[in-house]
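Student: Each chain, letter by letter, is given below.
Protein chains: 2
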Amino acid sequence: MVKIVIVGGGNVATHLVKAFSKTKEVSLVQLYARNYEHVTHLKHYTPITNNIESLVKADIYIIAVSDDAIAEVSSKINQKNSLIVHTSGSASLNSLKNNGRKGVFYLLQSFSKEKNVDFSTIPFCLEAEDKNDLILLKKLAYSIGEKIYDINSEQRKRLHVAAVFVNNFTNHMYKIGSDICSKHKVPFEVLLPLIQETAKKITELTPEEAQTGPAKRNDQKTIQNHLNLLDSEQQEIYKLITKSIQNNGEKL
Amino acid sequence: MVKIVIVGGGNVATHLVKAFSKTKEVSLVQLYARNYEHVTHLKHYTPITNNIESLVKADIYIIAVSDDAIAEVSSKINQKNSLIVHTSGSASLNSLKNNGRKGVFYLLQSFSKEKNVDFSTIPFCLEAEDKNDLILLKKLAYSIGEKIYDINSEQRKRLHVAAVFVNNFTNHMYKIGSDICSKHKVPFEVLLPLIQETAKKITELTPEEAQTGPAKRNDQKTIQNHLNLLDSEQQEIYKLITKSIQNNGEKL
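Sequences listed follow chains A and B, in order. For what it's worth, this note's numbering labels the leading residue of the first sequence as 1, then goes sequentially. For what it's worth, this note's numbering labels the leading residue of the second sequence as 1, then goes sequentially.
Please keep in mind that the hints were generated in silico from the structure rather than gathered at the bench. Beta carbons are placed, not taken as given, at the ideal position from N, Cα and C, and that holds for glycine.
Some chain A residues near chain B, calculated using beta-carbon distances under 8 Å:
| hint | residue |
| --- | --- |
| 1 | Ala199 |
| 2 | His226 |
| 3 | Ile245 |
Okay, derived cross-link-like pairs now, PhoX-like style, lysine-lysine, Cα gap no bigger than 20 Å in a straight line:
| hint | chain 1 | residue 1 | chain 2 | residue 2 |
| --- | --- | --- | --- | --- |
| 4 | A | Lys216 | B | Lys157 |
| 5 | B | Lys57 | B | Lys80 |
| 6 | B | Lys147 | A | Lys185 |
| 7 | A | Lys113 | B | Lys216 |
| 8 | A | Lys115 | B | Lys200 |
| 9 | A | Lys200 | B | Lys200 |
| 10 | A | Lys243 | B | Lys243 |
| 11 | A | Lys97 | A | Lys80 |
| 12 | A | Lys113 | B | Lys201 |
| 13 | B | Lys139 | B | Lys22 |
Start from the sequences and build out the full structure, keeping to the hints where you can.
Tutor: Now the structure itself:
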């Protein structure tokens, strides 16, 4: 049985506590959070401490704190024989400052506190310095998940940027669509089926195959009509993305 | 029983032929297509002609041709007592050049020829000059669909631009994500659950509420790290959208 301690009081820590509590292969022996109040609702899952000096012994410590706090928190975990992993998409493995084994246990999904998480659909991106540690992390991941990937620090950094494009920037495209609708008294819900279809299409076609529209067809008349309907910031974005669609990544 | 003729040989015409053939309230009496060969597979649904002079009489003619051809095709339909509608998101009602009643029957979805269409999820955006014609179009729409909206020409133009943002431009965000992945040998499928979650979230939250990430948090350190990983075109897009997220539509 793998003994683990979770370190952190945010969304990722909370969802991991709930998930690991249900598994038989893993024993969650403690949760550490700086602010005890943030995690009191988790006390029936596992013992909680807000004193990092009083961490109990475990095989793996999973640090789910903000990127800036990883170095400090990891340096305070004095467990030379344990594996310490962080859960950040953008921090490298070496941002861990413990004296001993290091790894990464990155879950590529956008978590919100209220919403239940289906771990079977979430990609686990794993990394460890030592081959046996990677095997251990895979065992841990498979106890709650199904989609497990070996991703090194360089790849993970890139994946994190890519995630900004497909998540935050896509959401901003929705925002602009929503702004245009509300300015002209059209309910945003009219666009929702198209949004769903666009996301669905990409599971069957490559983004290049899936692309349609005036930029792809180089339909200058429609492009000009569209630009005339937009404010200056929207125009700037429209022009730049249209140009990029037409370049089709050739500058890469 | 409403008698209709469909004019066009593309994806929209094809899907409309199949859908209207199944309804009891509507009788599809003819399909016109310039290229007979493109639509021969539809001949068991309805009689086909490639001679616009030989259109049969109907209550409504639905023109599903490219924007540039709407004026010419509509001017050739000599049926003064019939309602003639086009199916374009970007053409105005007045792009119809028939002598008589005009309307618009715009389906806001991205159609592909191979894929079956679930019309119950597709928004029908309707417009007509005459109140009774609008009622007639609604009857037509409800015979195959469920989501029916009154959208005038000005609103529809805006909706069409908004659709470019949430569909084509979103797809380009996927493309950039995919380019970054393939350059660093990460399978694009790792990003698919996040893409699905981003699209799903927007059915429950406004785009503003749903936004997360370094731009929203104004996390300059992460933004700088990300920029260092991108090529010049990607950097330009990253910077512009980050700025726009931070402006939060205030220039609108």
